[in-house]
Amino acid sequence: MSKLHFTTKHANEAGVQRSWYVVDATNQTVGRMCARIASVLRGKNKAYFTPHVDCGDFVIVINADKVKFTGNKLDEKVYINFSGYPGGKKETVASDMLTRRPEVVIERAVKGMLPKNRLGRKMYKKLFVYAGSEHPHTAQHPQPLITKK
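Residue numbering for the sequence shown follows our numbering, starting at 930 and increasing by one per position.
Note that these hints are calculated values from the structure, not bench results. Careful, some of the hints might be misleading.
Label pairs and their calculated CB-CB ranges [as the list claims (entries may be wrong)]: (1) 1001 x 944: 44 to 52 Å; (2) 935 x 1007: 46 to 54 Å; (3) 1067 x 1001: 33 to 41 Å; (4) 981 x 1017: 33 to 41 Å.
Simulated crosslink set (DSS-like; lysine-lysine; CA at most 30 Å straight-line) [to be verified]: (5) 1002 x 1055; (6) 1019 x 1055; (7) 975 x 1018; (8) 1019 x 1045; (9) 938 x 975; (10) 973 x 1019; (11) 1055 x 973; (12) 997 x 1055; (13) 1019 x 1040; (14) 995 x 938; (15) 1018 x 973; (16) 1045 x 1055; (17) 938 x 1040; (18) 995 x 1054; (19) 938 x 1019; (20) 938 x 973; (21) 997 x 1019; (22) 1054 x 975; (23) 1051 x 1019; (24) 1045 x 975; (25) 938 x 1018; (26) 932 x 975; (27) 1045 x 997; (28) 938 x 1051; (29) 1002 x 1045; (30) 1018 x 997; (31) 1002 x 1040; (32) 1054 x 1018.
Note that beta-carbon positions come from the ideal geometry of N, C-alpha and C, so glycine has one too.
Sequences and hints are given; from them, build the entire structure.
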């Protein structure tokens, strides 16, 4: 007897194969690069992508200090931190943030593109950003991730 219906196979944590990728952020646009990184962290590049399972890969970003903004965003984009106390709002322009803490620029951009729940926080932990060209993850043998066409 032939089967007229098939069951859908869903991914689970045990069957996920995780890879390590390295991204060189030199002269890359922040938004376009971070959108590609968020997609890989989420696992959307895999055939067995399942929204409720963390099936993404690890991503290492190097040369975060050499990333570029388009238009006037370098002078006009403002990062806001609020401590919760009256008068505790701090604003930092993107150019200042890029000189003082370049990792935060990429981390905040990617975090905003991930789901806002426990699964998104778990995906975010697989992102490693470094300002220089050196990283301590050479033992994982990361492959280059092409973000620019």
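Restraint check for residue 997 with residue 1019, where alpha carbons must lie at most 30 Å apart: 23 Å, holds
Given the hint that residue 932 pairs with residue 975, test it: the Cα-Cα distance must not exceed 30 Å. 28 Å, holds
Within 30 Å, alpha carbon to alpha carbon, are residue 938 and residue 1019? It is violated: about 48 Å lies between the C-alpha atoms, which goes past 30 Å.
Is the hinted pair residue 1018 and residue 997 satisfied, with a Cα-Cα distance of at most 30 Å? 26 Å, holds
Given the hint that residue 938 pairs with residue 1018, does the C-alpha gap stay at or below 30 Å? Cα-Cα ~48 Å, so violated.
Just to be careful, I want the Cα atoms of residue 975 and residue 1018 compared with a cutoff of 30 Å; is the pair within it? 41 Å, violated
Within a Cα-Cα threshold of 30 Å, do residue 938 and residue 1040 meet the stated pairing? 29 Å, holds
Below or equal to 30 Å on CA atoms is what counts here, so check residue 1054 against residue 975. 19 Å, holds
Need the status of pair residue 1002, residue 1055: alpha-carbon distance at most 30 Å? Holds, at roughly 27 Å.
Quickly compare the C-alpha distance for residue 1019 and residue 1045 to 30 Å and report which way the hint goes. Roughly 23 Å separates the two Cα atoms, so the pair holds.
Distance restraint hint 46 to 54 Å, applied to the beta-carbon atoms of residue 935 and residue 1007: This hint holds: roughly 52 Å between Cβ atoms.
Does the alpha-carbon distance linking residue 997 and residue 1055 stay inside the 30 Å limit? 23 Å, holds
Comparing the model with each numbered hint stated earlier shows that hints 7, 10, 14, 15, 19 and 25 do not hold.
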